[in-house]
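Trainee: Next come the chains, spelled out residue by residue.
There are 2 protein chains.
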Amino acid sequence: MSQTDDIEQLIELMSRLPGLGPRSARRAVLHLIRKRGLLLSPLARSMQQVSETARECLNCGNVGTSDICELCSDDNRANGILCVVEDVADLWAMERSGVFKGRYHVLGGTLSALDGVGPDELRIPQLINRVEAEAISEVILALNATIDGQTTAHYIADQLEHRVTLTSLAQGVPIGGELDYLDDGTITAAMNARKPI
Amino acid sequence: MSQTDDIEQLIELMSRLPGLGPRSARRAVLHLIRKRGLLLSPLARSMQQVSETARECLNCGNVGTSDICELCSDDNRANGILCVVEDVADLWAMERSGVFKGRYHVLGGTLSALDGVGPDELRIPQLINRVEAEAISEVILALNATIDGQTTAHYIADQLEHRVTLTSLAQGVPIGGELDYLDDGTITAAMNARKPI
Chain R
24 MSQTDDIEQL
34 IELMSRLPGL
44 GPRSARRAVL
54 HLIRKRGLLL
64 SPLARSMQQV
74 SETARECLNC
84 GNVGTSDICE
94 LCSDDNRANG
104 ILCVVEDVAD
114 LWAMERSGVF
124 KGRYHVLGGT
134 LSALDGVGPD
144 ELRIPQLINR
154 VEAEAISEVI
164 LALNATIDGQ
174 TTAHYIADQL
184 EHRVTLTSLA
194 QGVPIGGELD
204 YLDDGTITAA
214 MNARKPI
Chain P
24 MSQTDDIEQL
34 IELMSRLPGL
44 GPRSARRAVL
54 HLIRKRGLLL
64 SPLARSMQQV
74 SETARECLNC
84 GNVGTSDICE
94 LCSDDNRANG
104 ILCVVEDVAD
114 LWAMERSGVF
124 KGRYHVLGGT
134 LSALDGVGPD
144 ELRIPQLINR
154 VEAEAISEVI
164 LALNATIDGQ
174 TTAHYIADQL
184 EHRVTLTSLA
194 QGVPIGGELD
204 YLDDGTITAA
214 MNARKPI
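Here the protein sequences come in this chain order: R and P. To convert, take the position in the first sequence, counting from 1, and add 23; that gives the working numbering. To convert, take the position in the second sequence, counting from 1, and add 23; that gives the working numbering.
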């Protein structure tokens with residue numbers, strides 16, 4: 024190969040990123056080398072910085088740079104209402120919508136008998152503790168509409184029954200969605216949950 | 024937003040890589056944070072290293088970690104035969120095939136009147152110098168089979184005519200290619216260059 028070891032190693036590391044294979048990693052590295060000053064050095068510094076400071080929030084499981092994350096320590100957010108999500112990416116997606124102003128709880132995955140993921144591998148015990156400790160009145164189960172997501176939602180609902188109001192996200196036609204391209208399950212859900220205009 | 028500034032900035036920088044948009048950059052950064060020790064720190068170090076050591080070969084334009092690259096300083100490669108490519112990614116692709124054991128010359132792009140790229144913006148003067156200085160007997164124009172690539176090949180061929188043997192890569196059916204999916208131009212080229220079995 025014509026690349027020297029340093030460059031070779033960078034390509035190998037980059038190819039481990041989700042969404043990049045060996046070919047796109049090579050392309051990205053060549054791009055980085057072309058933009059050494061503008062992109063490669065700042066990126067190296069930024070990664071070093073994040074690798075030193077990033078940590079999981081001890082309370083909710085969000086990723087941030089302090090032991091208790093910005094969302095948990097924000098006095099302007101409502102207490103008493105908790106939105107449960109599978110992972111940090113889901114929390115960020117919720118935050119981008121800006122629709123929810125309460126607190127979050129990140130499970131860190133879904134229950135999966137096949138992969139040996141039980142309640143104690145997720146942050147479910149912590150969730151139950153928080154419901155008590157923070158006097159939560161409503162828990163929104165914003166889990167993915169997948170089999171594993173819904174299994175996990177059912178399990179949590181069983182654990183928290185009678186202690187708290189449990190809700191889940193509405194299911195129906197996505198905004199901008201065309202009926203022609205929707206699956207049967209979504210159309211059925213949207214029809215069953217139809218509402219007066 | 025729930026991400027703190029450090030993480031936000033890393034996402035922004037990552038999203039400038041070719042092949043990554045804002046969404047996949049977020050996904051990549053979350054993955055990196057999850058694998059802090061195994062991936063993020065080594066990647067930061069590797070980028071820092073490459074940003075300090077990577078440079079363009081003064082002779083051929085390849086990317087490496089010394090002023091004269093491994094390929095130019097390799098005594099086991101043939102002198103006198105030069106393979107001209109558009110950019111470093113093409114050189115690496117040629118090297119992966121392992122079929123060529125001579126020297127390379129990287130142009131750094133193609134001629135383009137629209138984008139204001141003339142011969143002096145590319146490494147064409149250096150190519151002409153090398154043909155004299157290194158007593159080159161054959162120049163292989165391994166440029167892309169695009170309009171710009173072929174225009175550039177014609178220009179170089181004009182400049183070097185009568186001084187050196189000029190060749191280009193054969194055009195035809197790619198290995199594993201199905202006729203049904205090939206464009207007319209490729210089929211025409213393959214038919215015109217047909218050979219006895």
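Please note that a few of the clues may not be correct.
Any copy, or any two copies together, can satisfy a pair, since identical chains are not distinguished.
Unchecked claim - Below 20 Å or equal to it, Euclidean Cα-Cα: the simulated EDC-like pairs (lysine to aspartate or glutamate) are:
#1 K58 / E79
#2 K58 / D90
#3 K218 / E144
#4 K124 / D110
These are calculated hints, taken from the structure and not from any lab test.
Trainee: List in ascending order the numbers of the hints, as given earlier, that are violated by the structure.
Mentor: 3
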